[in-house]
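Residue numbers (my numbering), protein chains in the order written: chain S, 1 to 344; chain E, 1001 to 1248.
FYI, nobody ran anything at the bench for these hints, they're computed from the structure.
Incorrect hints may appear among the rest.
A few chain E positions that, by computed beta-carbon distances, are all more than 12 Å from chain S [to be verified]:
no. : residue
1   : Pro-1037
2   : Gly-1123
3   : Thr-1133
4   : Trp-1146
Derived CB-CB ranges, DEER-like [stated by the list, open to error]:
no. : chain 1 : residue 1 : chain 2 : residue 2 : range
5   : S       : Gly-287   : E       : Ser-1032  : 26 to 34 Å
6   : S       : Phe-172   : E       : Phe-1113  : 48 to 56 Å
7   : S       : Gln-86    : E       : Ser-1032  : 38 to 46 Å
8   : S       : Thr-101   : E       : Leu-1031  : 33 to 41 Å
9   : E       : Asn-1081  : S       : Pro-197   : 22 to 30 Å
Predicted, not measured: the structure shown is a model, and the values here were computed from it.
Idealized CB from N, CA, C, for every residue including glycine.
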Amino acid sequence: MGVTCAFPEIGFQDTHLNVRMGLLTMIIIGEGVIAITRIVNKTVRPGGWTKWSFVHILGVTTSVVGHYTPSALLPVLTKRQYLLWQVYFDVSPRCRLGRLTQQIWAQLHFPFHVALILLLEGSQILALALDVTLKLKYLKETLVFVCEEPRPSADRGVELIQSTISDMEIPFSRGATQEWASISSILEDLSHQPLCPEPGTSSWIFTEDLFSDLVGNVTAALFSSMDINPSKQVDISLLDSRQLLQMYMTVLDFVYAYFFVVASISMGLFTAFLVLSRRHRRRLYLGLSMATRILLAISLASLVSFTSHSPLAYSFMTSPVILYAFTLTLLTGQSALRFSYLHF
Amino acid sequence: MFTGRTVHRKSCLQLPRRLLDSDADSHHAPLSWIASPVDKTNGSPRFFRYSDATPIELFFDLFFVANLSTFTATHEINNMNALGAYIGFLGVIWFTWLQVTLFDIRFARDSVFERICKAIQLGAMVGFASAGTRFTTPRVLDENVWAFQSLSLILAGSRVLLALQYSINLVFIQPCMKTAARGIYYTAILFCITTLLYVAVRGYSVHQRNFPPPDVLHRCTLHSIQPMDFVQIYGPYGLRFLALSYSQ
Chain S
1 MGVTCAFPEI GFQDTHLNVR MGLLTMIIIG EGVIAITRIV NKTVRPGGWT KWSFVHILGV
61 TTSVVGHYTP SALLPVLTKR QYLLWQVYFD VSPRCRLGRL TQQIWAQLHF PFHVALILLL
121 EGSQILALAL DVTLKLKYLK ETLVFVCEEP RPSADRGVEL IQSTISDMEI PFSRGATQEW
181 ASISSILEDL SHQPLCPEPG TSSWIFTEDL FSDLVGNVTA ALFSSMDINP SKQVDISLLD
241 SRQLLQMYMT VLDFVYAYFF VVASISMGLF TAFLVLSRRH RRRLYLGLSM ATRILLAISL
301 ASLVSFTSHS PLAYSFMTSP VILYAFTLTL LTGQSALRFS YLHF
Chain E
1001 MFTGRTVHRK SCLQLPRRLL DSDADSHHAP LSWIASPVDK TNGSPRFFRY SDATPIELFF
1061 DLFFVANLST FTATHEINNM NALGAYIGFL GVIWFTWLQV TLFDIRFARD SVFERICKAI
1121 QLGAMVGFAS AGTRFTTPRV LDENVWAFQS LSLILAGSRV LLALQYSINL VFIQPCMKTA
1181 ARGIYYTAIL FCITTLLYVA VRGYSVHQRN FPPPDVLHRC TLHSIQPMDF VQIYGPYGLR
1241 FLALSYSQ
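Here chain S stands alone, though its shape is the one from the complex (with noise of 0.2 Å):
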């Protein structure tokens, strides 16, 4: 590239770079697709379609779908965008750009498909946390519901505790070999003693305790079938299961930090493609654009602040919130584009 600088005759100005790049971008979007129809059946396959189900697949869809992001879910709109890809192709040039905006203009795509590909795979690791705070809650239910009237019985009770943990799909051979005998423990221990003993007593006490080690256990075999253990120092059976929880989401902080860092610097991408590309050439179209995309890059880096307060960056991990994050922003950033274009 620095080659055709001092020779414009094999420069890339009337080639068609552009269209490369733009291939390339919407490829690797295409792979981050693939990857969300997969955390798609890994959510509802084991439990089918529920409330919260939908909340999380929504948020983890509309991370890189667009306007008609229920067209995903609903076959009868057909008609689908991705937002990415959309803002991607808004600010990609239409005509012939100058010799050194072409060669800016493609040496940024570097870091704009690593930010894009991290902020595809970031998101991928944040819908599986969440995707695990889901089976826990549904876990959970499950054991609420084993001691609630009608009381099913202590075979059944067991038996539907156990059916719970199989629909979880849990790929205990992957690091999970230890949670797998406990579990199982645990199982064989509430099938030999009352499920629902009265409260107070040293058998609700006992049941208890194993409830919240089997909640351990699961947690524990959830984060490992994900390859996200906790550092040695710890000793995890020391934890319940809430602060087992909290510890495993903490390990995913950094997760979290470099999701909202690439998405940030995807947002000052964006602003820096629309100044290159010049497909308004209105002043004020141009800089009211550009200042909400720089607001909303800012906005988003502030986001890696919750990191420092782990209560909040818990509560946040664990809400389908953070999955609706980054779309709000880029619907906002879209939605600005649209409103100056219209009104300057």
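Use these hints to put chain E onto chain S, whose structure you have.
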């Protein structure tokens, strides 16, 4: 001066432009062994240009994404080391993709030679996928050293092939487009230097079971390689960081 010309072909079949463009050569003439990138039909010599991506270019893009997919499947990015490895590997495959693309969009025309070259570049992409599974940072384990060594060799092979492709085009361009030929000549030389650097990295690693200290590659890069290739060097540049931790 505008030196390019978009290829437009008329055909009785209403095929999409992409197909017309890509098949243009084969519609009118049998596949040649080697094709010139220069179009002399309108008097002054110009480069042939495609307005859209050709099928073989799209096929090459698929290999890029397959590489990415394999790497993602074997690496979870949940710590700084994994992130470093991910960006390092992306650098290797992205800049290889870019270098091949920059040649294709300007000089590639369908011919037996080009098809063989493309097959080799696709093979290099498969090689990256194979080495990528062992691409871990910051420590290079003994059992993974082969992956880094083969990565250097594959990079060297890919760049020497590009040097060859540019050199062969030089033969066609030299007689009629002197200035452009000079640019291509320098590009080919730069690819040769890059190849030597990659071979040196490989040789040094075999000899020392390690990689060169940062300043060697840094100096070579800054002084002899174009700015874009400096970034392209990010592949072994990343390896340097691994080497540092490895040596510690």
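Hint says 48 to 56 Å; check whether the CB-CB distance for Phe-172 of chain S and Phe-1113 of chain E agrees.
The hint (48 to 56 Å, Cβ to Cβ) holds, given that Phe-172 of chain S and Phe-1113 of chain E are roughly 53 Å apart.
Does the beta carbon distance between Asn-1081 of chain E and Pro-197 of chain S stay inside 22 to 30 Å, or does it fall outside?
Violated, since Asn-1081 of chain E and Pro-197 of chain S (Cβ atoms, about 48 Å apart) do not stay within the stated range.
Verify that the Cβ of Pro-1037 of chain E lies farther than 12 Å from every Cβ atom of chain S, and report whether the claim holds or is violated.
10 Å, violated
Taking the Cβ atom of Thr-101 of chain S and the Cβ atom of Leu-1031 of chain E, is their distance within the range 33 to 41 Å?
Distance hint for Thr-101 of chain S, Leu-1031 of chain E holds at roughly 37 Å.
Could you see if the CB distance from Gly-287 of chain S to Ser-1032 of chain E stays within 26 to 34 Å?
For Ser-1032 of chain E against Gly-287 of chain S, whose Cβ atoms are near 53 Å apart, the range 26 to 34 Å is violated.
Since Gly-1123 of chain E was said not to touch the interface, does its Cβ keep a gap of more than 12 Å from each Cβ of chain S?
It holds; Gly-1123 of chain E is separated from chain S by about 20 Å at its closest Cβ, greater than 12 Å.
Distance restraint hint 38 to 46 Å, applied to the beta-carbon atoms of Gln-86 of chain S and Ser-1032 of chain E:
42 Å, holds
Any Cβ of chain S at or closer than 12 Å to Thr-1133 of chain E, or is the non-interface label fine?
14 Å, holds
Take a quick look at Trp-1146 of chain E and tell me if its Cβ sits farther than 12 Å from every Cβ on chain S, holds or violated.
24 Å, holds
Taken one by one, the earlier hints fail for this structure at numbers 1, 5 and 9, listed in ascending order.
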